[in-house]
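S.K.: Could you use the hints to bring the two separately framed chains together as a complex?
Quick note, the sequences are listed as chains A and B, same order.
In the working numbering, each number is its position in the first sequence, counted from 1, plus 48.
In the working numbering, each number is its position in the second sequence, counted from 1, plus 58.
Worth flagging that the hints you see were computed from the coordinates, not collected in a lab.
Model, not experiment: these values are computed from the prediction.
Accuracy of the hints is not assured; some may be wrong.
What the hints assert, rightly or not - Looking from chain B toward chain A, a few residues come up when the C-beta cut is under 7 angstroms (computed): (1) P98; (2) G101; (3) L102; (4) L104; (5) K107; (6) E158; (7) L160; (8) F162; (9) G163.
For each residue, glycine too, the CB sits at the ideal point set by N, CA and C.
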Amino acid sequence: NAGVTQTPKFQVLKTGQSMTLQCAQDMNHNSMYWYRQDPGMGLRLIYYSASEGTTDKGEVPNGYNVSRLNKREFSLRLESAAPSQTSVYFCASNEGLAGPQAYFGPGTRLLVL
Amino acid sequence: AQSVTQPDIHITVSEGASLELRCNYSYGATPYLFWYVQSPGQGLQLLLKYFSGDTLVQGIKGFEAEFKRSQSSFNLRKPSVHWSDAAEYFCAVRLRGGSEKLVFGKGTKLTVNP
Chain A
49 NAGVTQTPKF
59 QVLKTGQSMT
69 LQCAQDMNHN
79 SMYWYRQDPG
89 MGLRLIYYSA
99 SEGTTDKGEV
109 PNGYNVSRLN
119 KREFSLRLES
129 AAPSQTSVYF
139 CASNEGLAGP
149 QAYFGPGTRL
159 LVL
Chain B
59 AQSVTQPDIH
69 ITVSEGASLE
79 LRCNYSYGAT
89 PYLFWYVQSP
99 GQGLQLLLKY
109 FSGDTLVQGI
119 KGFEAEFKRS
129 QSSFNLRKPS
139 VHWSDAAEYF
149 CAVRLRGGSE
159 KLVFGKGTKL
169 TVNP
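Isolated chain B, as found in the complex (with noise of 0.2 angstroms):
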């Protein structure tokens, strides 16, 4: 079935640690991806999108995330995290091809220690 995990419900890690949310993917052909961070009690914000060319790519707040299609991943990562980065991570999928359909993932809240 077409799905979109995100293995890691909670993760937490100390202010200035590095980070990495995992996105895995399960459709036919490469779809469209998304990363939203979602702070409480806020609506969504894009943080940074994947649709074709360089596999790494770079968003806002200083996070990128990388492709590998032979994993069918799309991870998060951030160097140094700041406590102003706790929040909750949603990866996201639109299939290519017509479909306007857009998929996320159940989310992973990060808690960041001082």
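If we strip away everything but chain A, and leave its shape as in the complex, we get (with noise of 0.2 angstroms):
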């Protein structure tokens, strides 16, 4: 039982370039989330997904967009990079419907150039 997978663990871009992230879990939860923390931040919503083919927009949505791919799999795509999306990113899940707790993946370290 893995829990919360996330690849890369770090990534470095260039301005302009695109990339996905991957996030996966094998706890059977309905809801899955995307953050971003950044220094003095905290962690900001970037975009959620309360099931499987439902995705809806956090605090943070402009220049990302997600897939949920099935029940396991919600991923981040950065379209075209910008030096202010280097961040570190945390996908978490939760088995939905007051559920007991997030769990969360290990974070992917983006530095865009």
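M.R.: Below, the structure written as structure tokens:
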């Protein structure tokens, strides 16, 4: 039981490049989330998905797209990376419908030059 | 506007001293409430949660938190801090009634002096 996994762990991009951050959970959870963490800003919600086939914007969705591919996987795509997207990205999941807690992945550290 | 506020950006305490980290929320109804801890370079770990019932909840690592509806607060406490408690602490809320949105405060960094 791996919990929540994220790939890659670390990535360097040039401005304008695109990439997809992958997230998968093996806990059969309904809800999944993408956050970014920046110093002094805490974790800010980018997008979330309450169930397979649905996605909703969070606090900072601009510049990102997401896909809930199936119940297990929730990917985050940067179509044209900008230096302002340099951050640590965390994926999380929970059961949904008042599930007990969110479980977090180990994070992806992204540097955009 | 709906928000989660952690008023203290950085707190320093001596080892063995007591600790209280503050969290206030601004939502129409009482949300689900959580405290998470993040050690340097690590992911987030749940310390404790409040859903309903007893307003004093116990968590892992000797932490507890008290929900006060009248103050819209969910403060985290520990009677005696250990050097290993040095970390960043995040308060989080999730709305009841259908939304799965989980929102975090900006965090409080705890430094523990020997």
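S.K.: Each hint should be assessed against the structure and marked as holding or not.
M.R.: Structure-based check of each hint:
no.: 1; hint: P98; verdict: violated (12 angstroms)
no.: 2; hint: G101; verdict: holds (5 angstroms)
no.: 3; hint: L102; verdict: holds (4 angstroms)
no.: 4; hint: L104; verdict: holds (5 angstroms)
no.: 5; hint: K107; verdict: holds (6 angstroms)
no.: 6; hint: E158; verdict: holds (4 angstroms)
no.: 7; hint: L160; verdict: holds (6 angstroms)
no.: 8; hint: F162; verdict: holds (4 angstroms)
no.: 9; hint: G163; verdict: holds (6 angstroms)
Consistency with the previously given hints fails for number 1 only.
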